[in-house]
Amino acid sequence: MKQTPTSAQLEARRRERSLTVKRVLAQSYLWFLLLLLYAPIVLIIVFSFTKSKVFGNWTGFTVQLYENLFTGYDRVAQVHVDPNLYHSLFYTLLIAVVAATFATLLGTLAAIGIYNMRQKQRKAIQFLNSIPMINPDILTGISLFLLFVFLGISRGLTTVIIAHVVFCTPYVVLSVMPRLTKMNPNIYEAALDLGATPFQALRKVMMPELWPGMLSGFILSITLSIDDFGVTFFTKGSGGLDTLSTFIYADARKGGLTPELRPLFSLIFLTMLVLLIIINWRAARQAKQGAAKK
Amino acid sequence: MNKLATLINSRRTWAWPYVLFLVLFVVLPLVLIVVYAFTDPQGHFTLKNFIQFFNTTEAVNTFIYSLAIALLTTIICLLLGYPAAYIMAAAELKTPAVMAMLFILPMWINFLLRTIATVELFNMFGIPLGEGALLYGMCYDFLPFMIYPIYNTLQKMDKSLIEAAHDLGANGREVFTKVILPLSMPGIYSGIIMVFMPTVSTFAIAELLTRNKITLFGSLIQRAFGEGGLQMWNYGAALSLIMLIIIGLTSFFGNNEEADSRGGIL
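Going down the list, the sequences are from chains S and D.
Throughout the first sequence, residue numbering follows the numbering used here, covering 1 to 294 in sequence.
Throughout the second sequence, residue numbering follows the numbering used here, covering 1001 to 1266 in sequence.
For the record, the hints were derived by calculation from the structure and aren't laboratory data.
Among these hints, one or two may not hold up.
[Stated by the list, open to error] Below, in silico cross-link-like pairs of lysine to any residue (SDA-like), each with a Cα-Cα straight-line distance of 20 Å or less:
1) D:Lys-1213 - S:Lys-123
2) S:Lys-123 - D:Leu-1079
3) S:Lys-123 - D:Val-1019
4) S:Lys-22 - S:Ala-12
5) S:Lys-22 - D:Lys-1213
6) S:Lys-182 - S:Ser-216
7) S:Lys-120 - D:Leu-1020
8) S:Lys-53 - D:Lys-1213
9) D:Lys-1159 - D:Lys-1178
10) S:Lys-22 - D:Leu-1079
[Said to hold, decoys possible] Facing chain S, according to a computed beta carbon distance under 10 Å, are these residues of chain D, among others:
11) Leu-1028
12) Ala-1164
13) Ala-1165
14) Asn-1212
15) Thr-1215
16) Gln-1222
17) Ile-1247
For glycine and all other residues, C-beta sits at the position ideal for the given N, C-alpha and C.
Model the full assembly from the supplied sequences, consistent with the hints where possible.
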C-alpha cells in the first residue's frame, strides 16, 4: 500500500480517535457495573425517606423512620420500634469487638510463633490456619454446632464469639506475617540481652513494628464478624440471641422487614462512604506533599 | 521456673495457644462431621445416611443443580469481572484506587438486606423471581470477590513485560493471550475459588431471592439441622461431608492463593 504523508496523518488521527472511543467504552462499562452494584443500595436509601411499612411502596417524603430509629418509638402509629432491632445491633457490635480483640491477640502471638518455627511445622500450621478461610460459613457453623452439642455446651453469646474468633484469627495471622518478615529478627534478642523481660520486649520492641498489621487484622475481623450470617445462625442457639444478620433473615422469612432497618443501613453506608472519602483525600494529600518535598 | 523462661523465650511456643485453639475448634469439629456422617442416632457405624442421599432423587438433583448454578455464577462473574479488573488496572484510569474502593463499598451493607433490596427492585420492574433472579442475585453478591483478586494480580504485574512483547512484534491480541492472561492466572484462580465456594454453599440468598421457590444444596443441609430434629443430624452431617469434599477438591485445584487476596480486600 502506498502511503502519502497525509494518509499517515489520517491514520494516526483515526487511531487516536478509536483509542478515545475505547477509553470511553471502558469507563462506561465500569460505571454500568457500579450502577448495577449500587442500585439496590440507592433503593434502600431512597425508601428510608418514606414511612411505608412495605419496602418498595412510596407514600411520600418523610424523615419519620429516622426519628423512629433514634427515639425507638413511632409517634404516628403509637407503637414501639421492635426492641429486637436494638438488641441485635448491640450484639452485632459487641460480638464483633470482643471476637476481633481475641482474634488479634491470639493471631499476633500465633504469627510470631509460626514465624520462628521450622519449615515443616510452619507448613502444617499454615495449612490448619487456612481451613477456616476456605471453609464456607455453613460448614464452619455446622461443624461448631456439632462440637458444642458433643461437648454439652449450651449455645449462646459465648459460642458465637468463639465461632467468630475461629474465622477471624486466620486473617489476623496473615496480616501480621508480612510485618514480621520485614522486621529485623535480632531486635527481640537484643532487647532481652539488654535486660528486658519477654513481655517488655514484646510490648516495647515488637508491638510498634507489628502494629499496622495488627490493626488491619483487627479491622478486617470486625468487618467479617459484622457481615457474618451462616456461622452465627448455627451457633447462636435458640435463646433469642440475634445479630443484625440473623434478625434480618428471621424478619424476611416472617414476610415483613422492620422498616427502621432502612434508615439504619443508610446511615451505616453513608458513614463508611464519608470515612472512605476522608481516607482517600488524606492519602492523596500525603502523596502530594511527598511529591512536593522531592 | 528457668525451664518456663526458656520455653517463653523460644518464640516458637507463642503459637501453642492458637494451635490448641485450632485443634479444638477447627479440627475436632470437622472430625465430628465425619463421625456423625457415618453413624446413626444411636452412635453405631452405618452407611445409611449416604444411601438415603443417593436414593432420594430430589436431593441428588438439588445437589447437581446447585453445582450447576455455582459454576454458572462463577463463569458469569469471571466474564463480567475480568474486563472490569483489567480496565481498572490499566494505567489510563487516573483513579484506580478509588474505583477499587467503590467496588468494595457495597459490601458494607449487610448482604441479606442487599439481597432483599434486589428482590424489591425486581418486583418494581415486574421481573418474576426465579432462576434468572437467582443467578443475577448470586452474581451481584459475589462479583466484587472476582474483581478484586484479578485487579490485584494485574496491578502487581510488571508492565515492562507488555512493552517488551510489543517491541518484539506481538500484536494486541497476542500480548493479551500470551503475556497478560497467563500472568493473571493466579488472580483468576483466587477469584474462581472465592466466588464458587460461597455460591455452592449458600442457603439464605437463594431462599430470599426466589421466595423459597428454588432449593439449593445449602438449604437442604440447613433444613436437616434446623427443622429435622435430632434424627436428621446424621443425614445433615453426611450432606455436609459431601460439600466438604467438593470444597476440598476445589481448593486443591486452586492452590492457596485465595487467602492472601481475600486478606487484601480491606
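Taken at face value, is the distance from the CA of Leu-1079 (chain D) to the CA of Lys-22 (chain S) at most 20 Å?
OK: Lys-22 (chain S) and Leu-1079 (chain D) at ~18 Å, within 20 Å.
Holds or violated: is the Cβ of Leu-1028 (chain D) closer than 10 Å to a Cβ in chain S?
Since the shortest Cβ distance to chain S is 6 Å, the answer is holds.
At a threshold of 10 Å, is the proposed contact between Ile-1247 (chain D) and chain S supported by beta-carbon distances?
6 Å, holds
With a cut-off of 10 Å on the beta carbons, see whether Ala-1164 (chain D) makes it to chain S.
21 Å, violated
Checking one constraint from the list: CA of Lys-22 (chain S) to CA of Lys-1213 (chain D), max 20 Å. Satisfied?
42 Å, violated
Chain S contact restraint on Gln-1222 (chain D) - CB to CB distance below 10 Å
7 Å, holds
Would the hint linking Lys-53 (chain S) and Lys-1213 (chain D) be met if the CA-CA limit is 20 Å?
24 Å, violated
So if I understand the rule, the pair passes when the alpha-carbon distance is 20 Å or less; does Lys-1159 (chain D) with Lys-1178 (chain D) pass?
14 Å, holds
Status of the hint placing Ala-1165 (chain D) at chain S (closest C-beta pair under 10 Å)
Violated, because the Cβ-Cβ distance from Ala-1165 (chain D) to chain S comes to roughly 19 Å (cut-off 10 Å).
Do the alpha carbons of Lys-120 (chain S) and Leu-1020 (chain D) lie within 20 Å of each other, as the hint requires?
Measuring from Cα to Cα gives roughly 18 Å; hence the hint holds.
Less than 10 Å between beta-carbons is the criterion; does Thr-1215 (chain D) satisfy it with respect to chain S?
14 Å, violated
Sort out whether Lys-123 (chain S) lies within 20 Å of Lys-1213 (chain D), counting only the CA atoms.
Status violated; Cα separation ~45 Å.
The earlier numbered hints that this structure contradicts are 1, 2, 5, 8, 12, 13, 15.
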